[in-house]
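Peer 1: Use these hints to put chain B onto chain A, whose structure you have.
Protein chains: 2
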Amino acid sequence: MLNATANPTSPRPRVVIIGCGFGGLEATRKLQHADVDVTVIDRTNHHLFQPLLYQVATSGLAAPSIAAPTRSLFRNLPRVTTLMAEVTGVDVQARSVQLKDAAAVPYDHLIVAAGATHSYFGRDEWAPMAPGLKTLADAFDIRGRTLMAFEAAEKETDPARIKALLTFVVIGAGPTGVEMAGTLIEIARHSLKGEFRHIDPAHAQVLLIEGSPRVLQAMPESLSHKAQVQLEQLGVQVRVNARVVHIDATGLQVETPSSTPGAGAESYRIDSSCIVWAAGVAASPLGKLIATATGATVDRAGRVSVAPDLSLPGHPEISVIGDLAAAQSHVPGQPPKPVPGVSPGAKQMGRTAAENILHRIAGRSTQAFRYRDYGNLATIGRNSAVVDLPTPLGPLRFSGRVAWLFWLFVHVYFLIGFRNRLIVLMDWASAYLHFRRNARVVVGNKTDEGRQTPAARTP
Amino acid sequence: MLNATANPTSPRPRVVIIGCGFGGLEATRKLQHADVDVTVIDRTNHHLFQPLLYQVATSGLAAPSIAAPTRSLFRNLPRVTTLMAEVTGVDVQARSVQLKDAAAVPYDHLIVAAGATHSYFGRDEWAPMAPGLKTLADAFDIRGRTLMAFEAAEKETDPARIKALLTFVVIGAGPTGVEMAGTLIEIARHSLKGEFRHIDPAHAQVLLIEGSPRVLQAMPESLSHKAQVQLEQLGVQVRVNARVVHIDATGLQVETPSSTPGAGAESYRIDSSCIVWAAGVAASPLGKLIATATGATVDRAGRVSVAPDLSLPGHPEISVIGDLAAAQSHVPGQPPKPVPGVSPGAKQMGRTAAENILHRIAGRSTQAFRYRDYGNLATIGRNSAVVDLPTPLGPLRFSGRVAWLFWLFVHVYFLIGFRNRLIVLMDWASAYLHFRRNARVVVGNKTDEGRQTPAARTP
Chain A
1048 MLNATANPTS
1058 PRPRVVIIGC
1068 GFGGLEATRK
1078 LQHADVDVTV
1088 IDRTNHHLFQ
1098 PLLYQVATSG
1108 LAAPSIAAPT
1118 RSLFRNLPRV
1128 TTLMAEVTGV
1138 DVQARSVQLK
1148 DAAAVPYDHL
1158 IVAAGATHSY
1168 FGRDEWAPMA
1178 PGLKTLADAF
1188 DIRGRTLMAF
1198 EAAEKETDPA
1208 RIKALLTFVV
1218 IGAGPTGVEM
1228 AGTLIEIARH
1238 SLKGEFRHID
1248 PAHAQVLLIE
1258 GSPRVLQAMP
1268 ESLSHKAQVQ
1278 LEQLGVQVRV
1288 NARVVHIDAT
1298 GLQVETPSST
1308 PGAGAESYRI
1318 DSSCIVWAAG
1328 VAASPLGKLI
1338 ATATGATVDR
1348 AGRVSVAPDL
1358 SLPGHPEISV
1368 IGDLAAAQSH
1378 VPGQPPKPVP
1388 GVSPGAKQMG
1398 RTAAENILHR
1408 IAGRSTQAFR
1418 YRDYGNLATI
1428 GRNSAVVDLP
1438 TPLGPLRFSG
1448 RVAWLFWLFV
1458 HVYFLIGFRN
1468 RLIVLMDWAS
1478 AYLHFRRNAR
1488 VVVGNKTDEG
1498 RQTPAARTP
Chain B
1048 MLNATANPTS
1058 PRPRVVIIGC
1068 GFGGLEATRK
1078 LQHADVDVTV
1088 IDRTNHHLFQ
1098 PLLYQVATSG
1108 LAAPSIAAPT
1118 RSLFRNLPRV
1128 TTLMAEVTGV
1138 DVQARSVQLK
1148 DAAAVPYDHL
1158 IVAAGATHSY
1168 FGRDEWAPMA
1178 PGLKTLADAF
1188 DIRGRTLMAF
1198 EAAEKETDPA
1208 RIKALLTFVV
1218 IGAGPTGVEM
1228 AGTLIEIARH
1238 SLKGEFRHID
1248 PAHAQVLLIE
1258 GSPRVLQAMP
1268 ESLSHKAQVQ
1278 LEQLGVQVRV
1288 NARVVHIDAT
1298 GLQVETPSST
1308 PGAGAESYRI
1318 DSSCIVWAAG
1328 VAASPLGKLI
1338 ATATGATVDR
1348 AGRVSVAPDL
1358 SLPGHPEISV
1368 IGDLAAAQSH
1378 VPGQPPKPVP
1388 GVSPGAKQMG
1398 RTAAENILHR
1408 IAGRSTQAFR
1418 YRDYGNLATI
1428 GRNSAVVDLP
1438 TPLGPLRFSG
1448 RVAWLFWLFV
1458 HVYFLIGFRN
1468 RLIVLMDWAS
1478 AYLHFRRNAR
1488 VVVGNKTDEG
1498 RQTPAARTP
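Here the protein sequences come in this chain order: A and B.
The first sequence maps to residues 1048 to 1506 in the working numbering.
The second sequence maps to residues 1048 to 1506 in the working numbering.
These are calculated hints, taken from the structure and not from any lab test.
Check before you lean on any hint, since a few could be wrong.
Just so you know, same-sequence chains aren't split out, so a pair can sit in one copy or run between any two.
Stated by the list, open to error - The calculated DMTMM-like cross-link candidates involving lysine to aspartate or glutamate, where the alpha carbons are at most 20 Å apart (straight line), are:
| # | residue 1 | residue 2 |
| --- | --- | --- |
| 1 | LYS1147 | ASP1205 |
| 2 | LYS1384 | ASP1318 |
| 3 | LYS1210 | ASP1148 |
| 4 | LYS1077 | GLU1242 |
| 5 | LYS1384 | GLU1364 |
| 6 | LYS1384 | ASP1148 |
| 7 | LYS1384 | ASP1356 |
The structure presented is a predicted model; accordingly, all values stated were derived computationally and were not measured.
This is chain A alone, in the form it adopts within the complex (with noise of 0.2 Å):
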């Protein structure tokens, strides 16, 4: 039944949109009214919003809270088409995007918007002792991990084994490792107090590796400082300069320069059950496989190159935007600035590369990219935060309590829908005023695990 999009007669350009996330969303959006086509391509059925992801990997807040069904923010728009499916290629000539499962979808337009993972940096083989956080299925994973470390440590007997258990590690000090590093020892002093019989949960430790100098590199040296002091006030032990250099089941290796100057790095051991991949992103294998195809270029981390306006070179009717670009911000009379890969920029992407096709359909010339800096800013925990906002008068900088509630309030606004709205809202209210952690439920096994092989039951 896929002809009705696919339909050649149709009098409407087509675009086809490959991503849900916050470019894909506000690119369809832009597009929603206008006379064309619009197809919505996504791996999952939801817009994830990702800034509040270790919330459901820290038990603060339940899956449905941060995830809108991707179908039902564009029911009611005859012209916006969902489709959930996986996109295994793009026939540039053709000009069709390839599905698994389903038939190919044409396109006049089209927007990759396909995202990031996170990379392991060349050693993917530590994926399943240190899970990245990406996606709600790894945020369940590491709420399991987490709750279930604290489990195991009130049913073991020896000691060693007990602070190897009660020994948190988060790899990489950016916003993510920040936050999970934040709230996992907010858990573990607060929300866990009183629960155990054998274990003292505020004897557990939480460590925050990171190879650079500082932790938020993308924030200014203040701010980097005040959110390291924040953190060690928190209880974190945060190391920078370190460099992970070996995961296995039962820990990890962490290579420092030496103390001595003149001396070569120093290595040391940390046994640990619970370890937390925060530190790479590499775009998604679609941007290669694009460029391939195209003649772009991509760089180290995978992102594709693309002209001022967003699209390939040679292929005007393709846009790359979000962070599987390495895009460019133009002001004019200014030379070109990279564009960090955070939601503003994604949206922003998401809006010119739209507002671009619809010029296009009309004749007129594209306009370039141009990124508006509305800030930056990252939680630390309870009553801590960091935010940097340019303004006329320069960058205006604090930290603390009022970071922290202005963060706050930008999340919830930012979050779609009024339900989730109040319903986060009343999930933090409860969790400053009780340490309380409204989601610590750990799905578990299927009841007829065990009557088949997992093989056989995936649905």
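Peer 2: Below, chain B without anything else, positioned relative to chain A:
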């Protein structure tokens, strides 16, 4: 560190409770301030409010809304220890409960409240095609299957395949089957309206297959009849006297008595990609294990026959309660009556078993279990439910909107936690007013899926 509980010099009697469902939770509450040490062992980390599990399966509620972390419930009760562990056996001679991956836990008094699972009547090979609904993982599985059937239909071009994808079959017309069928038809006809471009979800069929002559067998016949009428008004196709004889990956085979008197059975096939099993219940295998060890008998459903005071013959230190017990209600001057497998029954047994332990410790004689019937109610869908309440003036029976409001009030009242009550009410209000189901989220895959073999990734 289990030695704390295992300490043989402990002055307080040690009570171990296996399972933290309605029965185990109630028993723990009854004992929480008594002069005993209580250890609650459960396979999961949460007490599940099973009567609303179908709402998680049908995208109406998020999992945390109906699951309370067991540990949190007993926080600040220093004499109650919670262990998340799987029971592998009970050594009735040594009086200790054996656990997987943890030291055995000795007891002076044992309450076994391990509950029931679904039974495929010896056809366990049907499990992968027709999942049952007992755990949160089951609910997520069914949620994924139902939502994915609509997604697959939207991408499908073969009309026969589309029809099979949009045919939902619920096997078993007890309360769970009736709720599932009533909610699925509401999703198809209302919740998904306007969201698809190639299919009309309202064309979906929901079939409710029941082996006996009527739905809701535990209800009086007049209410069964009303329930069937209400189901049919919602659009559910009810097939009573219909026996499932075969299930495979693409559908099922159903046998009914011939409509021509005297002729044999008629058999027909239903093509369906989404089958839910709500037919049989079997007691936890722990029942048989304990029966074998103590010489108690089990019935056909695997339930253990208990003495009037819920203990086992010859083993007054062991009580079996809830769905695992074939218990009888004892009213002086009346013949004993079997206790129905409902949550009030389990709760009342939990209370009696706990009280009897305190009686025994005090050297008093134990009391026989008496079931107080507060009535029976089942919801069917929007504005439809049936209620049967015993009153001193005879049974009060009603159905329709008033019954539905009554059902709603009772379920919200018994749900644990103020936050959950409020959020469930909000989610139900939004479902009622806008047909919006707030948990339409399929969790999907981990981002590193494919990087490693699935087996290597299991935490």
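Peer 1: So, for every hint listed, does it hold in this structure?
Peer 2: Consistency of the hints with the structure:
1. Taking identical chains as interchangeable, the C-alpha atoms of LYS1147 and ASP1205 lie at most 20 Å apart only when they sit on different chains, with a minimum of 16 Å there against 49 Å within one chain.
2. Proximity of LYS1384 to ASP1318 under the C-alpha cut-off of 20 Å is found in neither arrangement, the shortest distances being 42 Å within a copy and 58 Å between copies.
3. In this assembly of identical chains, LYS1210 and ASP1148 lie within 20 Å of each other by CA distance solely across copies; the values are 17 Å between and 48 Å within a copy.
4. When the C-alpha separation of LYS1077 and GLU1242 is checked against a cutoff of 20 Å, the pair qualifies only between copies, where the shortest distance is 19 Å, while the shortest distance within a copy is 50 Å.
5. In the homo-oligomer, the alpha carbons of LYS1384 and GLU1364 never lie at most 20 Å apart, since the shortest distance is 24 Å inside one protomer and 76 Å across protomers.
6. Taking CA atoms no more than 20 Å apart as the test, LYS1384 paired with ASP1148 passes in neither setting, with 41 Å inside one copy and 56 Å between copies.
7. Within a single copy, LYS1384 and ASP1356 get their C-alpha atoms as close as 14 Å, which meets the 20 Å cut-off; across copies the closest is 79 Å, which misses it.
Of the numbered hints stated above, those contradicted by the structure are hints 2, 5 and 6, listed in ascending order.
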